[in-house]
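Required output: the full structure, derived from the provided sequences and hints.
Number of protein chains: 2
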Amino acid sequence: MNEQILIKTLPSGKLSADNYERVASPMPEIQAGEVLVKTNAFAITAGTRAGLQGSASYAGAPTTGIVMGGTGVGTVVATNSDAVQVGDQVLTSTGWQQYSVQKPANLELIPAGHDPLHYLGPMGVNGLTAYFGLLSVGEARAEQTVMVSAAAGSVGHLVGQMAKIQGCTVVGVAGSDQKNDTLVSKLGFDAAVNYKNGDYRAALKEATPDGVDVYFDNTGGFILGSALFRMNVGGRIACCGVVSQYDTGSPEPGPKGIPGLLVNKRITMRGFLVFDFADQYNEARSEIHSWLQSGALISLTDQVSGLAAAPAAFVDLLAGGNIGTRVVML
Amino acid sequence: MNEQILIKTLPSGKLSADNYERVASPMPEIQAGEVLVKTNAFAITAGTRAGLQGSASYAGAPTTGIVMGGTGVGTVVATNSDAVQVGDQVLTSTGWQQYSVQKPANLELIPAGHDPLHYLGPMGVNGLTAYFGLLSVGEARAEQTVMVSAAAGSVGHLVGQMAKIQGCTVVGVAGSDQKNDTLVSKLGFDAAVNYKNGDYRAALKEATPDGVDVYFDNTGGFILGSALFRMNVGGRIACCGVVSQYDTGSPEPGPKGIPGLLVNKRITMRGFLVFDFADQYNEARSEIHSWLQSGALISLTDQVSGLAAAPAAFVDLLAGGNIGTRVVML
Numbered sequence: 076m077n078e079q080i081l082i083k084t085l086p087s088g089k090l091s092a093d094n095y096e097r098v099a100s101p102m103p104e105i106q107a108g109e110v111l112v113k114t115n116a117f118a119i120t121a122g123t124r125a126g127l128q129g130s131a132s133y134a135g136a137p138t139t140g141i142v143m144g145g146t147g148v149g150t151v152v153a154t155n156s157d158a159v160q161v162g163d164q165v166l167t168s169t170g171w172q173q174y175s176v177q178k179p180a181n182l183e184l185i186p187a188g189h190d191p192l193h194y195l196g197p198m199g200v201n202g203l204t205a206y207f208g209l210l211s212v213g214e215a216r217a218e219q220t221v222m223v224s225a226a227a228g229s230v231g232h233l234v235g236q237m238a239k240i241q242g243c244t245v246v247g248v249a250g251s252d253q254k255n256d257t258l259v260s261k262l263g264f265d266a267a268v269n270y271k272n273g274d275y276r277a278a279l280k281e282a283t284p285d286g287v288d289v290y291f292d293n294t295g296g297f298i299l300g301s302a303l304f305r306m307n308v309g310g311r312i313a314c315c316g317v318v319s320q321y322d323t324g325s326p327e328p329g330p331k332g333i334p335g336l337l338v339n340k341r342i343t344m345r346g347f348l349v350f351d352f353a354d355q356y357n358e359a360r361s362e363i364h365s366w367l368q369s370g371a372l373i374s375l376t377d378q379v380s381g382l383a384a385a386p387a388a389f390v391d392l393l394a395g396g397n398i399g400t401r402v403v404m405l
Numbered sequence: 076m077n078e079q080i081l082i083k084t085l086p087s088g089k090l091s092a093d094n095y096e097r098v099a100s101p102m103p104e105i106q107a108g109e110v111l112v113k114t115n116a117f118a119i120t121a122g123t124r125a126g127l128q129g130s131a132s133y134a135g136a137p138t139t140g141i142v143m144g145g146t147g148v149g150t151v152v153a154t155n156s157d158a159v160q161v162g163d164q165v166l167t168s169t170g171w172q173q174y175s176v177q178k179p180a181n182l183e184l185i186p187a188g189h190d191p192l193h194y195l196g197p198m199g200v201n202g203l204t205a206y207f208g209l210l211s212v213g214e215a216r217a218e219q220t221v222m223v224s225a226a227a228g229s230v231g232h233l234v235g236q237m238a239k240i241q242g243c244t245v246v247g248v249a250g251s252d253q254k255n256d257t258l259v260s261k262l263g264f265d266a267a268v269n270y271k272n273g274d275y276r277a278a279l280k281e282a283t284p285d286g287v288d289v290y291f292d293n294t295g296g297f298i299l300g301s302a303l304f305r306m307n308v309g310g311r312i313a314c315c316g317v318v319s320q321y322d323t324g325s326p327e328p329g330p331k332g333i334p335g336l337l338v339n340k341r342i343t344m345r346g347f348l349v350f351d352f353a354d355q356y357n358e359a360r361s362e363i364h365s366w367l368q369s370g371a372l373i374s375l376t377d378q379v380s381g382l383a384a385a386p387a388a389f390v391d392l393l394a395g396g397n398i399g400t401r402v403v404m405l
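Chains as they are written, first to last, in my numbering: chain A, 76 to 405; chain B, 76 to 405.
To be clear, the hints were calculated from the coordinates, so they are not data collected in a lab.
It is possible that part of the hints are untrue.
When chains are identical, the list treats them as one kind, so a pair holds in a single copy or across two.
Claimed, not checked - 20 Å max Cα-Cα, derived EDC-like pairs, lysine to aspartate or glutamate:
hint: 1; residue 1: 113; residue 2: 391
hint: 2; residue 1: 271; residue 2: 391
hint: 3; residue 1: 340; residue 2: 354
hint: 4; residue 1: 271; residue 2: 218
hint: 5; residue 1: 340; residue 2: 351
Since the model is a prediction, treat every value here as computed from it, not as a measurement.
As structure tokens, then:
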């Protein structure tokens, strides 16, 4: 049998584990040209919450009764294609299930000797998102100050480290002192500020004495608003995600100061999706891999065991429960 | 005597003519290196309202008891500088007064044969703002759809015409059917939509069947919000001004969809001030002048007579009373 987690109902407000159901389906059979992949692990990321929100998302209209989507790594266990061999390690849209049928065009082969879990983190969508958002969209350069929200998240913790590698001063914003301790002591952030503290704005100001040149926005909402007040003239805001607005039926209005502060400070805000940079993935991965090998970049994962734990792990992630990339190990 | 309009009090909500007072001051005397300019006309523009709003403005902290600021054209009537001659026509920060003392470095000489009033419109700050916002910030190109708000205003009516010159489809948004008729019938806009009508959103949708590639935002607020929903993937929003938010003590929050829609549609929003393009003014003016001479670009002015009329004309402008550049003739 193929154990799967289906979307049972769409959340009307906050997501609940009850929005999912676990089922045992017949083992899928592959047709000509297809490949059967056994999932070894998949990542849970806040962005997939947008796919349950309807037309406001790039993920398209949400549907129930289907396997919950997600990117995973797995092993090819059967193949009707010459393009891959049984035993190959691959990165693909496994979804939340034990086995998936794939077309070779949708598989990325993980080179021998590479850690497959890195492909759910720095070598995968999260890492590439951090890389292009920081360097191409945000245009972060040495000596500048970079601020990142959801800084302990799957993308944020990589953004901050990549900015340090560029020679930037890095300030993270996250929702717990424990996360912030990790960012500073383990990942080398220059400072980290807890947005849940009453003195958040004052603390952010203190942590950014030279203002902010690049804000990597994973949250939107009032943290975006706080960044606007710290931005320097000519600053860039890389709009990556809106985690503060995903898990709700009624998204907030945008922050005050848009567009007024954008004009006064000649700020550029640019939304991006990593897929727009697909033609540059290889070069980026090569550079990221070298950072991993040298130890300049650390991949934090936050592991959960077993498919059954995935729904609650997603709910907890949306409440900020993870440090690093949350990975479900099968 | 030198008749002047002073800022008497700062508005706490909407601006009123009572925030100003008219005084007769002694005629100023020029020192070594200085020039006396007699004001012939000055422009009233919504952006100067921001200067009365305090720290949220690029114009700096507001002050009372000073002459109201403004850009005007005048004639040199006395000079202690070799750089200008009596009789020269100049563009400068005259303020709302009959005579001003200037340093030559703050004067732009208006070439003989040029219409000085054009320097309060297409050849001045308004025209340069339209030019760089549309072409450099918005990156408008032939065949694209350009939307502009405050489309009958001093900047907007030029933006739309310049976009037509580039070969774009142009949709204006303004607050009266009379303005919209002028935009379409006199200035060649493809369509113009009245945001005060109940079916505004539907009308905007109908007027932009191919979506919007470039939105030139003079207003912020809900018109910005409506544009976000019509933007195409990869679209650009040139943030020029926030006229919907100037004349109030309590600016609105930003529209819903920021930053969510920016991400989904990979939109770039960029605030700008025309002064950042000062090194390119000469080329731009040369091109704008050729458009004026060929008749491709029409400068609409909305003239008011006499200094005493300026405060009420400003209040009326903030309520949308003008078509084209509002100019006070002395």
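Here is how each hint holds up against the structure:
Taking the closest pair of Cα atoms, residue 113 and residue 391 never come within 20 Å of each other, the shortest separation being 26 Å inside a single copy and 70 Å across copies. For a Cα distance limit of 20 Å, the shortest separation of residue 271 from residue 391 inside one copy, 17 Å, qualifies, whereas the shortest one across copies, 45 Å, does not. In this assembly of identical chains, residue 340 and residue 354 lie within 20 Å of each other by CA distance solely across copies; the values are 19 Å between and 33 Å within a copy. Neither within a single protomer nor between protomers do residue 271 and residue 218 lie at most 20 Å apart by alpha-carbon distance, with minima of 28 Å and 48 Å respectively.
When the C-alpha separation of residue 340 and residue 351 is checked against a cutoff of 20 Å, the pair qualifies only between copies, where the shortest distance is 11 Å, while the shortest distance within a copy is 28 Å.
Hints 1 and 4 from the earlier list are contradicted by this structure; the remaining hints agree with it.
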